[in-house]
Every structure is written in structure tokens, then in C-alpha cells.
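Here the numbering used here is used: the first residue of the sequence shown is 272, the next is one more, and so on.
Possibly wrong hints are sitting among the right ones.
[Unchecked claim] Cβ pair distances, simulated, as ranges:
1. N348 - D370: 38 to 48 Å
2. K373 - L352: 38 to 48 Å
3. Q338 - E423: 18 to 28 Å
4. P307 - P351: 30 to 40 Å
5. K396 - K373: 35 to 45 Å
6. K396 - D369: 16 to 26 Å
7. D368 - Q393: 37 to 47 Å
8. P371 - F412: 19 to 29 Å
It is worth saying that the hints were derived from the structure and are not from the lab. We put the CB at the ideal spot given by N, CA and C, even for glycine.
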Amino acid sequence: MKLIVILCLLAVAVAASIIGKKAVGAKGTLLCGNTPASNVRVRLFRVKPGKKDDINQMLDEEYTGPQGMFHVEGNTNGFPLNETDLHPVLSIYHHCDDDPKKLEKTAFRRFNYVLPDTFVNQGEKAKKTYDLGSLNIQLEFPNEKREKTILEKAN
Numbered sequence: 272m273k274l275i276v277i278l279c280l281l282a283v284a285v286a287a288s289i290i291g292k293k294a295v296g297a298k299g300t301l302l303c304g305n306t307p308a309s310n311v312r313v314r315l316f317r318v319k320p321g322k323k324d325d326i327n328q329m330l331d332e333e334y335t336g337p338q339g340m341f342h343v344e345g346n347t348n349g350f351p352l353n354e355t356d357l358h359p360v361l362s363i364y365h366h367c368d369d370d371p372k373k374l375e376k377t378a379f380r381r382f383n384y385v386l387p388d389t390f391v392n393q394g395e396k397a398k399k400t401y402d403l404g405s406l407n408i409q410l411e412f413p414n415e416k417r418e419k420t421i422l423e424k425a426n
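The task is simple: from the sequences and hints, build the whole structure.
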């Protein structure tokens with residue numbers, strides 16, 4: 272009888288861990304005018320950050336390469352079961368069109384890009400990757416802010 276109870280509890284725990292995991296991925300190319308925007312920080316969050324980033328909700332972080340391309344992917348593995356909903360948001364930090372001589376004193380430009388929920392799937396890996404295409408970050412985006420300091424996730 273104890274064995275049956277233990278097996279049932281184990282089955283429920285395994286099912287909960289599988290059902291609770293959700294994944295999402297996004298890729299794209301960032302441009303500053305006609306030039307690829309390299310070394311731009313792109314963060315993928317589980318939910319939209321408030322005024323400041325909630326580092327605990329970050330799923331992935333990458334920097335664009337020399338061609339301005341990025342690919343981020345993450346899942347809710349490791350989040351409590353009450354935090355497995357995914358409403359993914361990209362946060363993009365850059366210095367496009369900032370005076371290169373004043374970068375030390377200039378805060379990063381930051382804007383959020385909400386990803387469609389249709390690209391969220393059950394499991395550990397993203398089945399469909401949202402393709403942002405090419406995005407010119409020279410434009411000023413709605414609710415764009417300046418961030419002097421960017422919080423880092425502890426390793």
C-alpha cells in the first residue's frame with residue numbers, strides 16, 4: 272500500500288514538472304539606421320518588467336553579433352509552479368545614435384517588445400521561434416526609457 276502511495280506521489284510530481292514548463296524563443300536582426308547594430312544587449316523576460324528589470328524573471332540574455340543578429344530562448348524550468356505562465360517580453364538596451372564621445376556618461380536606451388503568446392509552448396525547448404525580422408532601433412519606441420545601470424544576474 273505504501274508503495275502505491277509513493278508511486279502515485281512520484282507520478283504527480285513528474286506530471287506537474289512537465290506540465291508546468293513552458294518555453295519560448297525569438298530571433299532577429301537589429302539595425303542602427305542602415306548599419307547592423309552590434310553589441311546590443313537583448314534580454315528575454317518571462318513577464319514584462321516594471322520600471323526596473325526583475326532579474327529573477329529573466330529567461331535568457333544575449334548580445335548581438337557583428338551582423339546585428341540575436342537568438343534568445345528560455346523556459347520556466349526552475350520557477351515555482353505559480354510562476355509558470357509565460358507572457359514573453361524582449362528588453363533591448365543600446366546606444367544607437369548616441370554620441371560616441373559621451374557613451375561613458377550616457378544611459379542606455381531601453382525599450383520592450385512584447386512577443387505573441389502564440390509562440391509559447393509546453394516543454395523545455397521552443398518549438399516555434401518568433402522571427403522579429405530586421406528592426407531599426409534608431410527610431411524612438413513607445414515607452415522607451417534611459418537606463419544608467421543594468422542589473423546583472425548572479426551566476
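Right, here's what the structure says about each hint:
no.: 1; hint: N348 - D370: 38 to 48 Å; in the structure: holds, 42 Å
no.: 2; hint: K373 - L352: 38 to 48 Å; in the structure: holds, 47 Å
no.: 3; hint: Q338 - E423: 18 to 28 Å; in the structure: holds, 25 Å
no.: 4; hint: P307 - P351: 30 to 40 Å; in the structure: holds, 39 Å
no.: 5; hint: K396 - K373: 35 to 45 Å; in the structure: holds, 42 Å
no.: 6; hint: K396 - D369: 16 to 26 Å; in the structure: violated, 36 Å
no.: 7; hint: D368 - Q393: 37 to 47 Å; in the structure: holds, 41 Å
no.: 8; hint: P371 - F412: 19 to 29 Å; in the structure: holds, 21 Å
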